[in-house]
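K.L.:
With chain A fixed as given, assemble chain B onto it according to the hints.
Number of protein chains: 2
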Amino acid sequence: GRKVLIVYAHQEPRSFNGSMKRIAVEELSKQGCSVTVSDLYAMQFEPRATRNDVVGCLHNSEEFNYGVETWEAYKRGSLSNDVIEEQKKVEEADLLIFQFPLYWFSMPAIMKGWMDRVLVQGFAHEFPNCYDSGLLKNKLAMFSFTTGGSKKMYAKGSINGDIRYLLWPMQHGIMHFCGVKVLAPHICFAPEYVSEEKRKEMLIAWAQRLKTLWKEEPINCSPEWYFQ
Amino acid sequence: GRKVLIVYAHQEPRSFNGSMKRIAVEELSKQGCSVTVSDLYAMQFEPRATRNDVVGCLHNSEEFNYGVETWEAYKRGSLSNDVIEEQKKVEEADLLIFQFPLYWFSMPAIMKGWMDRVLVQGFAHEFPNCYDSGLLKNKLAMFSFTTGGSKKMYAKGSINGDIRYLLWPMQHGIMHFCGVKVLAPHICFAPEYVSEEKRKEMLIAWAQRLKTLWKEEPINCSPEWYFQ
Chain A
1 GRKVLIVYAH QEPRSFNGSM KRIAVEELSK QGCSVTVSDL YAMQFEPRAT
51 RNDVVGCLHN SEEFNYGVET WEAYKRGSLS NDVIEEQKKV EEADLLIFQF
101 PLYWFSMPAI MKGWMDRVLV QGFAHEFPNC YDSGLLKNKL AMFSFTTGGS
151 KKMYAKGSIN GDIRYLLWPM QHGIMHFCGV KVLAPHICFA PEYVSEEKRK
201 EMLIAWAQRL KTLWKEEPIN CSPEWYFQ
Chain B
1 GRKVLIVYAH QEPRSFNGSM KRIAVEELSK QGCSVTVSDL YAMQFEPRAT
51 RNDVVGCLHN SEEFNYGVET WEAYKRGSLS NDVIEEQKKV EEADLLIFQF
101 PLYWFSMPAI MKGWMDRVLV QGFAHEFPNC YDSGLLKNKL AMFSFTTGGS
151 KKMYAKGSIN GDIRYLLWPM QHGIMHFCGV KVLAPHICFA PEYVSEEKRK
201 EMLIAWAQRL KTLWKEEPIN CSPEWYFQ
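Protein sequences appear in the order of chains A and B.
full-length UniProt numbering applies: residue 1 is where the first sequence begins, and numbers increase by one.
full-length UniProt numbering applies: residue 1 is where the second sequence begins, and numbers increase by one.
Chain A with its partners taken away, still in its complex shape:
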C-alpha cells in the first residue's frame, strides 16, 4: 500500500478545507493507502525558524545562521523533536498533499513554517542535489487549495493574473527544488461564495480525482508551464 502525508492547515474541522481533507483520508484509505495527517493548527505547529530548532550547542554561537545550524543539527541528529517527527512522515510518504486556503497568493504562515523548518539542507536537498536530483526525488506532491476569488478573477489577463503565476514559488521553488514531482494542483475556486449544491459538486469532483490519482503524470515543472 502506498503512503500519503496530508499537511493540512485550517482552523475549523467543519470548513470546506476540512471536508476536502476528510474526503482525501477516506478515499485514499479505501484504496488501501496508509494516510497520515499533519493537522498544523491542531498541533499548534511552530512556524518560526529559531534557535530552538537545534537541541544543545550551536555550531557557531557567535553568529546564528539558521540554514547552517539546522544543516549541522540534522547531520548529528539534534534537530528539535517536532521537526524530526515531520521529517519521518515525509521520508515514509510516496505522496504529499498540501490542503489549505490560499492566503495572500500563497500558503498560510503556519504551512510556510512547516516548509521552512522541515525541509532542511541535508534532509531535503544538499547542493548539488537539488531540483531533479533533490533528496526527496521519487516522491509526489500536490497542492490542493481554496481561493477567495473566482476562477474568472484568476484568468490570464484579469486582475489577479493567471493562477499559475502564484504556483511557481510553491511548486517549483519548494517541491521541485527538493526533487519532488508535482501533480497538477487541485483548486476549488471561491467555495464560500457558491451554492451548497456547487460545493457538493466540488467535493465529489475531488473524490473522483483521487480515484485515478496514481495514474496521473506529473506536470512539466518548468517556466513554460507557469508563464506561457
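Worth flagging that the hints you see were computed from the coordinates, not collected in a lab.
One or more hints might be untrue.
The list treats identical chains as interchangeable, and a pair is accepted whether it falls inside one copy or across any two copies.
Okay, derived cross-link-like pairs now, SDA-like style, lysine to any residue, Cα gap no bigger than 20 Å in a straight line [to be verified]:
1. K152 to D132
2. K156 to Y131
3. K151 to C130
4. K156 to E224
5. K156 to W225
P.N.:
Just chain B, lined up with the frame of chain A:
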C-alpha cells in the same frame, strides 16, 4: 518628516540582514524621517492565524472563519493587541520596508504571518477597494532581501528562473492588492558566499540608494513587469 516602518525578520543582529536594517534606520533617520522597526523574531511575533486574534465573542462560533471573524473584529475594535499595534504602525507609515532573507522563494513564515494577521479586510482592503483603490493607497513598499543563490542562478532561463517570478505573490498579490505602490526591490545576492569586501560594497550601495529613495518612481506592478 516622512514615516518609515521597517518590518524585519532575522534572528541574528550581527547578520548581513541585521546590517541592512541598521543602515536603513541610520540613513533614513539622518534624512529626518521617523523610523519604526518591527523586529519580528525579537518580538516573538505570532505567525499563526487563530481564534486568539479575536478578543471576546465570535461573530459565528459554530464555524470559525478567520477572514470573516477578523473583518468583524476590526470593525468593532476587538482584534488582539499585537495586531492592532502593527496596524497603527502601518497606518502612520509613508513607506514600508520588508527586510528578510529569502526562504523558499518567499518570505520567512514569521513575516508571512505578519501579512496574514495585520492586513485584514476592513483595514487594508475591502471589496471593491483593492488593487489601485486598496485602503493603503498613498503608501509605498519595498522588499529588501538576501538570497542564497547567485544573481546568475536567478536569471531568466537559468534553473531558479527570473527572480521577478517569485516577486509576484509578494509585490502584486499582497502590496498592490492593498493599494500600496511598490518600489523596485533591493536584492543582495548570496552575501554568505562573497568576500568581505563585496559585502561592504553591498551595504554601501544600500545606503546610497536610500539617499535618493524618495525620488524613485514605483514600478508598474502588472504581469508585464514580472513575466516578460
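K.L.:
State for each hint whether it applies.
P.N.:
Going down the list of hints, with the structure as the test:
no.	hint	in the structure
1	K152 to D132	between (33 Å within a copy, 19 Å between copies)
2	K156 to Y131	between (27 Å within a copy, 16 Å between copies)
3	K151 to C130	between (33 Å within a copy, 17 Å between copies)
4	K156 to E224	both (14 Å within a copy, 12 Å between copies)
5	K156 to W225	both (13 Å within a copy, 15 Å between copies)
Every hint from the earlier list agrees with this structure, and none is contradicted.
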